[in-house]
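Asks: The listed protein sequences correspond, in order, to chains E and R.
The numbering used here numbers the first residue of the first sequence as 1 and each following residue consecutively.
The numbering used here numbers the first residue of the second sequence as 1 and each following residue consecutively.
Any given hint might turn out to be false.
Reference excerpt, derived from the structure (chain R facing chain E, CB under 10 Å, subset only) [stated by the list, open to error]:
1. L62
2. A212
3. L227
Which chain R residues stay away from chain E? Per the calculated CB distances, all over 10 Å, these [unchecked claim]:
4. P44
5. V59
6. V103
7. P118
8. V139
9. D148
10. A150
11. L169
12. A177
13. H285
14. Q289
15. E293
16. P302
17. T309
18. R339
Quick caveat, the hints were computed from the structure, so don't treat them as lab data.
Source: prediction; values computed, not measured.
Cβ coordinates follow ideal geometry from the N, Cα and C atoms, glycine included.
The lines below spell out each chain.
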Amino acid sequence: MRRHKGREVPLPTTGGAGSGVADVASAANARALPVKRLRHPLIGTLALAVGVIVILPVLSLAFVALSGTGEDWPHLIANVLPGAVSTTLALLAMVAALTSVAGVACAWAVVAYDFPFRRILSWALVLPLAVPPYLAAYAFGEFFHYQGPVQGLVREIFGFQTIRDYWFPDIRSTWGTAFVLASVLYPYVYLTTRIVFLMQGRNIADVARTLGASPARVFWRVLLPVARPAIVAGVALVLMETINDIGAAEYFGVRTLTVAVYTTWLNRGSLEGGAQIALLMLVLVLLLLVAEQWARRRQRFHSGRGTHLKVHPPRTALKGWRRVALPAAVSLPILSGFGVPITIFGQYASRRLEQFVSPDVASAFLNSLMTASLTATLTVVIALFLLNAQRLSKGRVMAATVRLASVGYALPGGILGLGLLFVLARFDNSLDAFARAWLGFSTGLLLTGSAAAVIIACTIRFVALAEGAVRSGMEKLPGSLDEAARSLGKTPAQSATSVLLPLLKPAILTAAVLVFVDTVKELSATILLRPFGFSTLATHVYENASRGVPEEGAVAAIVIIVTAMVPVVLLSGALVRDAEASL
Amino acid sequence: MKFGNARSALAGGALAIAALFTTSALADGVVNIYTYRQPDLIKPVLDAFTAETGVKTEVLFLDKGLEERILAEGANSPADVIMTVDIARLTSAQSKGVTQPVVDEEVNKLLPAEYRDPEGNWFGVTKRARVIYASKDRVKDTAITYADLADPKWKGKICMRSGQHDYNLALFSAAIAHWGSEKTEEWMKGLKANLAKKPDGGDRPQAGAIAAGECDIAIGNTYYVGLMRNNEKDPKEKEWGNAINVLFPTFENGLTHVNISGAALAKNAPNRDNAVKLIRFLASHKAQQVYAEKNYEYPVEPGLEPSETVKAFGELKADTLPLVDIAKGRKAASEMVDRVGLDDGPSS
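Using the sequences and the accompanying hints, generate a full structural model.
Replies: The structure is reproduced here in structure tokens:
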């Protein structure tokens, strides 16, 4: 999937020279000046190769799917798919609705109004992104459990004695899963939308206001349409994460397509059938992507028009009860997506403080940190390379390859990992056979026997995130920019590093942070591909949860959340500073 | 790794990072274990193994795809021993061709024939019974059969984990073997109608649901009760464990469904001797005792008593239905669960 937050990130105006370039750049229009593209066969071929490698796990799964007989389908069609498809669609619809309302409303609130704790809330709103959905599901399950605090309070207040005395909504349901997923995923929408409101929204809004439109009318008729592509981009990302979720759905006993993939594979011994369902899911995802493209079709219309007024947009100061009500309302998603998990796991962790210094947790932390850092670096490098190659070549095949590379993101991690396992193991064994035959020694399982497999898996899984973020940053730069540099005698490589790279810094930062956070949270592919003795925080938590003692993993769970939280908060701050600096 | 100098140099060159965190999984005096059982669960017995033999253990825990991984790794797979719960997983490992037979007189002497593959492709090392957790306060019945679970008198009173879970699939498969498909499906519909809520969570939370009054009886494995009652860290679990009695349900033959956890020798085990040593150790009196005392499982060793906690449940009379028959019915059971919509819960 692509991210488009970077798109709205302004050209950084660091100092006079930088602003100069940016101004020239925005003044020029790449499409108005058709310049002959430079063909670069070497880079083109290399980029194509990278693209193909990224798609390999999906191809390998397709191969497995095609080798099946289809004997699972009568049962699937009669008893599984009708429920699984409708449950999945319902889940997607609910999550989309919840995240877009929460994300957009919160973004608008912190941009347009002044109220107590506004600054703190504006960055705290991204915190839930640090919480993996499987942890959130567990925490919500406990929180709303009969013996949890909420029902306890209900009984206290109304004097109920047993569970049979009252009705309480069951969190272990489709809507419950939607609520949990929305609680931790809405920050994607919040982040993308807030930047638009900060950047482009205000001056358009000001114009509308001077023409006599009411604030409400400005929001519905002017700002929302302007922000639509950003909202859609954020929601698309949310939906990818929803569709590939297994942790929350399985824990709440909600039978989605992803659950059906695993049941078919594991309980009925048909990996082929599971892979076939996974391909069906990819079709669903491709439809989503097409819808997203369609929604963004007029993107160019309003991009690249950052205002250059050096004034802060005025925020409406709230008075009376609204001064209390708005911050309270804005706190709700934070309490839900971050407060609940941190409370539940914090409680367990507080009884196991010694684990914070245990060698197991420490080594899991280091492994997570290393995996996430390397994955973030690799994905950003690959994304930059692919997009730059695409920029240079403008070939359709290349564009399609780059786009297709992103579908893997929507596959359940375990299934994608399995596809990759087949590919990597074949590579390892071929290399080993070659080395034995020609060099007289064994290379063993070079990749699948080491943590390299985990890093490759995470890189392939999340390269789409990085690609999306960098792409949106790059699309904002006129093509004439590097041509100008080249006409001044720079080589393509020089122009890429000396002109493009600095301008892409916010987009690159966004890409790196998102991938880092997702890798820290990644479980399914890691657990399948890791070598002996290699635990990450996520696998550590899962090992305990799967033997029925999630409390024992609470400390690692807290460490996951904190590890992911730090870069997310830094990113949020950096984006706001950038946006505000440009105003 | 058993890399020679040239190999280390090669690995260290282009893939320094990979080499950095490659562990010494092939060193001498090691046995590599691929396991579906959580490391913490098998740690006590593996520690005892290392203490006795000096052979170190490397453990790789997977939640799915263990067989596929060994298959993909092929001749280079470091896996020596496969450990898992559930008979169907053991036979599936065999049928996917990731095991190899071991015929070891000592092992065969220690393990009763009904708990191992005649050719030696897998060995059962512990037993667990799938029983009824019954509320101490609200259930006065002293015996409930599996068939009784479909009796309308339990309407709205039964809790269980997902019907698609290994443990339930094995139970349903045993029911199919005893009753035939048709009768089992009718029974499953009755069970579904009796559920208090949608199946979810693990076995322990079902005891929790009984403690909370959500249901009166639940289906669960025996050892969880031992783990809950002896949980010194979490008072809540102790309370759950003490809120229930264990009743041994039976089929018409008067016997209770049991499943096993077991081990198998991996197809291309690089440390074959150590692997056989481990399997022999798992069958030994010492390991059986550790399993019984620390994990509250039933030893497979004839005549060895379970732990005091487990003994207090009463006497287990294990079903004599061949385990492989249970494994064979897994797919049919899984399809039946979908067909009946067991996991949808009582309302639909």
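Asks: Please write out, lowest number first, the hints stated earlier that are contradicted by the structure.
Replies: 5, 11 and 18
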